[in-house]
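Chains as they are written, first to last, in the working numbering: chain A, 1 to 406; chain B, 1001 to 1239.
FYI, nobody ran anything at the bench for these hints, they're computed from the structure. Treat the hints with caution; some may be incorrect.
Stated by the list, open to error - Rough simulated footprint, nothing fancy, chain A against chain B, three-plus residues with beta-carbon under 8 Å: (1) 1072 to 1085; (2) 1141 to 1151; (3) 1213 to 1222.
As the list claims (entries may be wrong) - Pairs of lysine to aspartate or glutamate, DMTMM-like flavour, derived with a Cα cap of 20 Å: (4) A:241 to A:76; (5) A:393 to B:1058; (6) A:63 to A:77; (7) A:62 to A:242; (8) A:63 to A:295; (9) A:308 to B:1082; (10) A:5 to B:1035; (11) A:305 to B:1079; (12) B:1059 to A:249; (13) A:179 to A:226; (14) A:48 to A:68; (15) A:260 to B:1058; (16) A:122 to A:68; (17) B:1016 to A:401; (18) B:1059 to A:398; (19) B:1074 to A:398; (20) A:352 to A:227; (21) A:306 to B:1082; (22) B:1016 to A:162; (23) A:223 to A:76; (24) B:1162 to B:1035; (25) A:9 to B:1071; (26) B:1178 to B:1194; (27) A:305 to B:1035; (28) A:48 to A:227; (29) A:305 to B:1082; (30) A:214 to A:227; (31) A:308 to B:1071; (32) A:5 to A:295; (33) A:179 to A:162; (34) A:306 to B:1035; (35) B:1017 to A:89.
As the list claims (entries may be wrong) - Below, a sample of chain A positions facing chain B; criterion: calculated Cβ distance under 8 Å: (36) 2; (37) 4; (38) 7; (39) 15; (40) 92.
Predicted model only: the values in this text are computed from it and were never measured. Every residue gets a Cβ at the ideal spot worked out from N, C-alpha and C, and that includes glycine.
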Amino acid sequence: MWIIKLAWKNMWRNRNRTAITISAIFFAVLLSTVTNSLQDGVFDNLIKNVVSFYNGYVQIHKKGYWEERILDNVFEDSKELQHTILTEDNVQNLAPRFESFALSATETNTKSAMVIGISPDKENFITQLKNKIIEGNYLTANDTDILISEGLMKRLGTKLNDTIVLLGQGYHGSIASGKFRIKGILKFGSPDLNDQSLYMNLPLAQEMYGAPNKLTSYVLNLKTNDEMNQTARSLKNILGKDYEVMTWEEMMPEITQHIKTDKASMYIIVILLYILVCFGIFGTLLMMMVERKYEIGMLVAIGMKKIKLIYLLILESLFTVITGCLLGILISIPIVYYLKINPIRFTGEFAKTYEEFGFEPIFPASTDSNIFIEQGIIVLLLGLILSFYPLVKVLRLDPIESMKKM
Amino acid sequence: MKTVIDAHNISKTFNKKSIPVLAVKNVHLHLEKGEFVALVGPSGSGKTTLLNLIGGLDKPDQGNILINGIDITKLSANELIDFRLHNIGFVFQSFNLIPVLTAKENVELIMQLQGRGKREIKERVQTLFQEVGLSDKLNSRPAQLSGGQQQRVAVARALASKPQFVLADEPTANLDSKSAANLLDIMTKLNQEENMTFIFSTHDQRVIERARRVITLVDGEVNSDTGTYLELNHGNSLI
Chain A
1 MWIIKLAWKN
11 MWRNRNRTAI
21 TISAIFFAVL
31 LSTVTNSLQD
41 GVFDNLIKNV
51 VSFYNGYVQI
61 HKKGYWEERI
71 LDNVFEDSKE
81 LQHTILTEDN
91 VQNLAPRFES
101 FALSATETNT
111 KSAMVIGISP
121 DKENFITQLK
131 NKIIEGNYLT
141 ANDTDILISE
151 GLMKRLGTKL
161 NDTIVLLGQG
171 YHGSIASGKF
181 RIKGILKFGS
191 PDLNDQSLYM
201 NLPLAQEMYG
211 APNKLTSYVL
221 NLKTNDEMNQ
231 TARSLKNILG
241 KDYEVMTWEE
251 MMPEITQHIK
261 TDKASMYIIV
271 ILLYILVCFG
281 IFGTLLMMMV
291 ERKYEIGMLV
301 AIGMKKIKLI
311 YLLILESLFT
321 VITGCLLGIL
331 ISIPIVYYLK
341 INPIRFTGEF
351 AKTYEEFGFE
361 PIFPASTDSN
371 IFIEQGIIVL
381 LLGLILSFYP
391 LVKVLRLDPI
401 ESMKKM
Chain B
1001 MKTVIDAHNI
1011 SKTFNKKSIP
1021 VLAVKNVHLH
1031 LEKGEFVALV
1041 GPSGSGKTTL
1051 LNLIGGLDKP
1061 DQGNILINGI
1071 DITKLSANEL
1081 IDFRLHNIGF
1091 VFQSFNLIPV
1101 LTAKENVELI
1111 MQLQGRGKRE
1121 IKERVQTLFQ
1131 EVGLSDKLNS
1141 RPAQLSGGQQ
1151 QRVAVARALA
1161 SKPQFVLADE
1171 PTANLDSKSA
1181 ANLLDIMTKL
1191 NQEENMTFIF
1201 STHDQRVIER
1211 ARRVITLVDG
1221 EVNSDTGTYL
1231 ELNHGNSLI
């Protein structure tokens, strides 16, 4: 206990220097925590967008569909197939989809639209589609009406309860056409989805395209997203070579690459930050050893074992580092929470780049406790590693020499 | 009388690889419990080196040093630290109190290193501070004390471990006359009343005058080892 008390008092021996060191650690932890929280928040948001806007974590298609998204690459929907997929432990549920393109037309305008046939309840479970309704109502099981995205509605110059005509190419070269009333308007963060999406009940879409009981994909919701890759591998084995099982990372490799690149550049910044902190801590330890060389020699002379001295010096370093870390973490918590509630919104070119990816251009912060713990542990380890310097000095210390040279 | 220090034929040479300096040469020393000894001699005569050897801070190139029958030249570095902690009290020229600790805490530190109980430490601290006349300065930091007071705290610290003897390297060198006299009074009293053994290296005539045995070193050798200052020199300077 006395050694802890002595270490604490020694830490405040030179108040200014300790304050400067603590400040350096504080700012490093604060900056790294906030930047990491923002980065993770952005990536979490990115992934959440990919999943909840449209793609889902995993999709199953007929082999070759993702390469060539045409109606020739559809597959037969069956209860057996659904059952097989759902027996995989990590699959929570699935939503069947039939997707194709069509021309949508009003009296005056014609625009291309992505027609998505869905099972309303199942789709809502995965992509929370119902939440994106800004006007009108969501589809019910036997609805013959449609939902269209806000952007497409504006492009067509139409409104809720208006009727639009769809015209496209159906399965095996047939003509796909129909007239539908707009039951609800959807708003997506992604400009791509917002400008062209059109949803209808799955049987209605299958009928219009002349492809009864055919699907383009199953969109899967997982119990644990962390095990996404294992689940995809397992499903590939179960379903065999007639189907392709794709994770969102495979479907959108540019997003994965973007995350990797962004993380790498952030690592460099954080490493630079830590190098600066290392210099700060090392400078303090260096000065401390020079200033207290005589005293340390004297302590050994009067009977303090070197192991106790090492313990004392490590405690002093740890106290300094822990104080800086704790302050950094304590101050960063409200900042990160504020940024989570009030995310920074991009503007200009940066915003456009994000929108091109199809995501909301916001910078939300992640409040994952691991970020705070990780940063704290990293700085703590740095402090411990740097403590080896006084440790080596003490081990080599000759009390007579130390007391002589002052 | 009980023998405290028994050094046989000890020598110490520095700078062996370049220009060797024989700091201590074939010194024999026999000290008994309760002695009040001054090591004197001109600068470079080997006083501090001899003190370091006796104190187990340095090892001789030859010879043995027995303290209470234990040959400290055979002890490892770690064993020596432990030996010093339990057997030797040190008083340094520049006091060397730890500035962040109070006077009381500085004295407690030695006993804490020895692993003594809280109650024993508390009682011993009170006794020691009474002996050095600083009972009212227990909670003062070294910076709040005068040089003389700091050296008295250093004496209390040296005595805290209940050592076999106290080694004092120029203890009065940084003190004014009054403080030096005060410190010497305390040390003399401790020597006379508690039979504590003191060994000083000093240039200070005031210390030499109080010593009951004066050992003079010249060029690392014992030039004379006599009784009191007055018996030795009849008033002529020894240093």
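Hints versus structure:
1. Note: the stretch 1072 to 1085 of chain B has 5 residues with beta-carbon separation from chain A under 8 Å; the three-residue rule is met and the coverage holds.
2. A count of 0 residues in the stretch 1141 to 1151 of chain B with a Cβ less than 8 Å from any Cβ of chain A is obtained; the coverage claim is therefore unmet, three being the minimum.
3. Only residues whose C-beta sits within less than 8 Å of a C-beta in chain A count toward coverage, and the stretch 1213 to 1222 of chain B has 0 of them, not enough to reach three; the restraint is violated.
4. Restraint check for residue 241 of chain A and residue 76 of chain A: satisfied, since their Cα atoms lie roughly 15 Å apart, inside the 20 Å limit.
5. The hinted pair formed by residue 393 of chain A and residue 1058 of chain B meets the criterion: a straight-line CA distance of about 19 Å does not exceed 20 Å.
6. Proposed proximity of residue 63 of chain A and residue 77 of chain A is supported: the alpha carbons are some 15 Å apart, at most 20 Å.
7. Only pairs whose Cα atoms come within 20 Å are accepted, and residue 62 of chain A paired with residue 242 of chain A is accepted, the gap being roughly 6 Å.
8. Proposed proximity of residue 63 of chain A and residue 295 of chain A is contradicted: the alpha carbons are some 76 Å apart, above 20 Å.
9. Distance hint between residue 308 of chain A and residue 1082 of chain B is fulfilled; the C-alpha atoms sit about 12 Å from each other, no more than 20 Å.
10. With a C-alpha separation of about 38 Å, the suggested pair residue 5 of chain A and residue 1035 of chain B falls outside the 20 Å cut-off, and the hint is violated.
11. For the suggested pair residue 305 of chain A and residue 1079 of chain B, the alpha carbons sit about 9 Å apart, so the restraint of at most 20 Å is met.
12. For the suggested pair residue 1059 of chain B and residue 249 of chain A, the alpha carbons sit about 70 Å apart, so the restraint of at most 20 Å is broken.
13. At roughly 43 Å between alpha-carbon atoms, residue 179 of chain A and residue 226 of chain A are farther apart than 20 Å, so this suggested pair is violated.
14. Between residue 48 of chain A and residue 68 of chain A the alpha-carbon distance is near 26 Å, which puts this suggested pair outside the 20 Å criterion.
15. Distance restraint check for residue 260 of chain A and residue 1058 of chain B: the Cα-Cα separation of roughly 60 Å exceeds the 20 Å cut-off, and the hinted pair is therefore not satisfied.
16. This hinted pair does not check out: residue 122 of chain A and residue 68 of chain A have alpha carbons roughly 26 Å apart, beyond 20 Å.
17. In summary, the hint linking residue 1016 of chain B to residue 401 of chain A is supported, as the alpha carbons are separated by about 16 Å, within the 20 Å threshold.
18. For the suggested pair residue 1059 of chain B and residue 398 of chain A, the alpha carbons sit about 12 Å apart, so the restraint of at most 20 Å is met.
19. Pair hint residue 1074 of chain B plus residue 398 of chain A holds up; C-alpha atoms about 18 Å apart against a cutoff of 20 Å.
20. For the hint linking residue 352 of chain A to residue 227 of chain A, the alpha-carbon distance of about 32 Å lies beyond 20 Å, and the restraint is violated.
21. At most 20 Å may separate the alpha-carbon atoms for a hinted pair to count; residue 306 of chain A and residue 1082 of chain B meet this at roughly 11 Å.
22. Between residue 1016 of chain B and residue 162 of chain A the alpha-carbon distance is near 106 Å, which puts this suggested pair outside the 20 Å criterion.
23. Only pairs whose Cα atoms come within 20 Å are accepted, and residue 223 of chain A paired with residue 76 of chain A is rejected, the gap being roughly 26 Å.
24. Straight-line distance between C-alpha atoms of residue 1162 of chain B and residue 1035 of chain B comes to about 16 Å, which keeps the hinted pair within the 20 Å bound.
25. A threshold of 20 Å between alpha carbons decides the hint, and for residue 9 of chain A with residue 1071 of chain B the separation of about 38 Å lies outside it, so the pair is violated.
26. Between the alpha carbons of residue 1178 of chain B and residue 1194 of chain B the distance comes to roughly 24 Å, so the proposed pair goes past 20 Å and is violated.
27. For the given pair, residue 305 of chain A sits about 29 Å from residue 1035 of chain B by alpha-carbon distance, which is inconsistent with the 20 Å threshold.
28. Only pairs whose Cα atoms come within 20 Å are accepted, and residue 48 of chain A paired with residue 227 of chain A is accepted, the gap being roughly 16 Å.
29. Our distance criterion of 20 Å between C-alpha atoms is met by residue 305 of chain A and residue 1082 of chain B, whose separation comes to about 7 Å.
30. Between residue 214 of chain A and residue 227 of chain A, the direct Cα distance comes to roughly 29 Å. Violation of the 20 Å bound is thereby established for this hinted pair.
31. For the hint linking residue 308 of chain A to residue 1071 of chain B, the alpha-carbon distance of about 25 Å lies beyond 20 Å, and the restraint is violated.
32. Proposed proximity of residue 5 of chain A and residue 295 of chain A is supported: the alpha carbons are some 17 Å apart, at most 20 Å.
33. The suggested pairing of residue 179 of chain A with residue 162 of chain A holds, with an alpha-carbon distance near 10 Å, which does not exceed 20 Å.
34. Between the alpha carbons of residue 306 of chain A and residue 1035 of chain B the distance comes to roughly 32 Å, so the proposed pair goes past 20 Å and is violated.
35. At most 20 Å may separate the alpha-carbon atoms for a hinted pair to count; residue 1017 of chain B and residue 89 of chain A exceed this at roughly 77 Å.
36. The interface hint given for residue 2 of chain A is met, as the beta carbon of that residue sits about 5 Å from the closest beta carbon of chain B, less than 8 Å.
37. Contact between residue 4 of chain A and chain B, as hinted, is not supported at the beta carbon level, the nearest pair being about 12 Å apart and thus beyond 8 Å.
38. Restraint check, residue 7 of chain A versus chain B: the minimum CB separation of about 10 Å is more than 8 Å; hint violated.
39. Evaluation of the residue 15 of chain A hint against chain B yields a violated restraint, the C-beta minimum of about 11 Å exceeding 8 Å.
40. Violation of the interface hint for residue 92 of chain A is found here, the shortest Cβ-Cβ separation to chain B being roughly 61 Å, above the 8 Å cut-off.
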